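Chemist: Quick note: the sequence shown, position 121, residue 121 per the UniProt record's numbering, numbers continuous.
Any given hint might turn out to be false.
As the list claims (entries may be wrong) - Within a straight-line C-alpha distance of at most 20 Å, the following computed DMTMM-like cross-link-like pairs (lysine to aspartate or glutamate) qualify:
no., residue 1, residue 2
1, K171, D135
2, K270, D72
3, K61, D72
4, K251, D241
5, K123, D9
6, K115, D245
7, K123, E53
8, K156, D241
9, K123, D135
10, K156, D72
11, K156, E172
12, K171, E14
13, K270, D118
14, K270, E25
15, K61, D118
16, K171, D13
17, K255, D118
18, K255, E195
19, K123, D233
20, K270, E14
21, K156, E237
22, K171, D9
23, K92, D135
24, K115, D220
25, K270, D62
26, K115, D135
27, K251, D233
28, K123, D241
29, K171, D62
30, K255, D271
31, K248, D62
32, K115, E69
33, K115, D174
None of these hints come from the bench; they were simulated from the model. On a predicted model such as this, the values are computed, not experimentally measured, just so you know.
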Amino acid sequence: MYNICSFYDDVFDEMQELLHYTLQELGFPSQISHHYIYNNMTNIIFGVPVLGEAGRNVFPKDTIIFNLEQLDPENYRPAIRQWTDNILTLGKYFTIWDYNQQNIDLLTQHGVCAKRFDFGYQKNLHRIQAQAQQDIDVLFYGSINYRRQQIIDTLKAQGVNVMPVFGVYGKERDQLIARSKLVLNLHQLDTELFEIVRCSYMMNNGIPIVSEVNPTTNIDSHFVQGIAASPYDQLVETCLDLLQDDFKRQKLGYKALEIISQRPQFLLLKDIL
């Protein structure tokens, strides 16, 4: 029996559902919880608190920690260094799942039992139906900083109806996606990691995505085929081009779904259980 636990409300809902439904497909009993660990189940944890060595006594020995953040012990940002130290410490006692190969390599170098989680298609997450009349040109959801605001402001200056939202999750966010012609994905920092957690859910629903992909962005070549990949300085141009071509935009959404459907999630998860 698996307990898919998040220590943050709403934030990891789709990730929890992805695992929950896929485990059930594989024949494993599973449940979703928040802030609660069960000693008689295998716990898979999202948003693990910064516990350090104390974590050794908090979770059962067979606990799996799912990391979705960048790991870099020498990063100039203290928060990233602290998080890396937390995961490396917890990794002495628990298995770590991670989607990023660079993180996996770092964890392995430190003697951590790390397994790579690859993203694929889950039929139960295919649930967003695009509206016939979409009144939002470009949707961006996530925190706003200077580099993100620059793109949003430039699009607005071109007359594009851009809707940036933050702290919106679940059905409310899905309704906004259904109203949107495009969803924009932007790096938050200079880490150059493709935001596969966010984009895989949209691909799973056949949503046209314009995503920042620079020459140095770390992205699986398989996913590049399912998005409108563009370097930062060409994002506005890419959005404008797609907004003027309904067929091209629709084709992009179909391609996104086609690409991720080639990777059934149950086959990918089966490999690491």
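Chemist: Look at each hint and say if it fits the structure.
Modeler: Results for each hint:
Simply put, K171 and D135 have alpha-carbon atoms about 18 Å apart, close enough for the 20 Å limit, and the pair holds. Of the supplied pair hints, the one linking K270 and D72 is violated, its CA atoms being roughly 28 Å apart against a limit of 20 Å. With a CA separation close to 25 Å, the supplied pair K61 and D72 exceeds the 20 Å bound. For the suggested pair K251 and D241, the alpha carbons sit about 14 Å apart, so the restraint of at most 20 Å is met.
Only pairs whose Cα atoms come within 20 Å are accepted, and K123 paired with D9 is rejected, the gap being roughly 23 Å. Between the alpha carbons of K115 and D245 the distance comes to roughly 41 Å, so the proposed pair goes past 20 Å and is violated. A distance of roughly 39 Å separates the Cα atoms of K123 and E53; the hinted pair therefore is violated under the 20 Å criterion. At most 20 Å may separate the alpha-carbon atoms for a hinted pair to count; K156 and D241 meet this at roughly 15 Å.
The hinted pair formed by K123 and D135 fails the criterion: a straight-line CA distance of about 27 Å is larger than 20 Å. A hinted pair counts as satisfied when its Cα atoms are at most 20 Å apart, and K156 with D72 does not qualify at roughly 35 Å. Straight-line distance between C-alpha atoms of K156 and E172 comes to about 23 Å, which puts the hinted pair past the 20 Å bound. Restraint check: the Cα-Cα separation between K171 and E14 comes to about 11 Å, which is no more than 20 Å; the hinted pair holds.
Restraint check: the Cα-Cα separation between K270 and D118 comes to about 11 Å, which is no more than 20 Å; the hinted pair holds. Our distance criterion of 20 Å between C-alpha atoms is met by K270 and E25, whose separation comes to about 10 Å. With a C-alpha separation of about 24 Å, the suggested pairing of K61 with D118 is violated against the 20 Å cut-off. Proximity of K171 to D13 is assessed by CA-CA distance (about 11 Å); at most 20 Å being required, the pair is judged to hold.
Pair hint K255 plus D118 holds up; C-alpha atoms about 19 Å apart against a cutoff of 20 Å. With a C-alpha separation of about 18 Å, the suggested pairing of K255 with E195 holds against the 20 Å cut-off. The straight-line distance between the Cα atoms of K123 and D233 is roughly 35 Å, outside the 20 Å bound, and the hint therefore fails. Pair hint K270 plus E14 holds up; C-alpha atoms about 19 Å apart against a cutoff of 20 Å.
With a C-alpha separation of about 13 Å, the suggested pair K156 and E237 falls inside the 20 Å cut-off, and the hint holds. A C-alpha spacing of about 14 Å is found between K171 and D9, which places the hinted pair at or below 20 Å, so the restraint holds. Restraint check for K92 and D135: the C-alpha separation of about 50 Å exceeds 20 Å, so the hint is violated. Of the supplied pair hints, the one linking K115 and D220 holds, its CA atoms being roughly 17 Å apart against a limit of 20 Å.
Of the pairs offered as hints, the one joining K270 and D62 holds, with about 17 Å between alpha carbons and a cut-off of 20 Å not exceeded. With a C-alpha separation of about 42 Å, the suggested pairing of K115 with D135 is violated against the 20 Å cut-off. A threshold of 20 Å between alpha carbons decides the hint, and for K251 with D233 the separation of about 24 Å lies outside it, so the pair is violated. At most 20 Å may separate the alpha-carbon atoms for a hinted pair to count; K123 and D241 exceed this at roughly 31 Å.
This hinted pair does not check out: K171 and D62 have alpha carbons roughly 33 Å apart, beyond 20 Å. Taking the CA atoms of K255 and D271, the gap is about 26 Å. The hint is violated against a cut of 20 Å. For a cut-off of 20 Å, the pair hint linking K248 to D62 is broken: about 48 Å separates their Cα positions. Taking the CA atoms of K115 and E69, the gap is near 15 Å; set against the 20 Å cutoff, the hint holds.
For the proposed pair K115 and D174, the alpha carbon gap of about 30 Å is over 20 Å, so the pair is violated.
Consistency with the previously given hints fails for numbers 2, 3, 5, 6, 7, 9, 10, 11, 15, 19, 23, 26, 27, 28, 29, 30, 31 and 33, ordered from lowest to highest.
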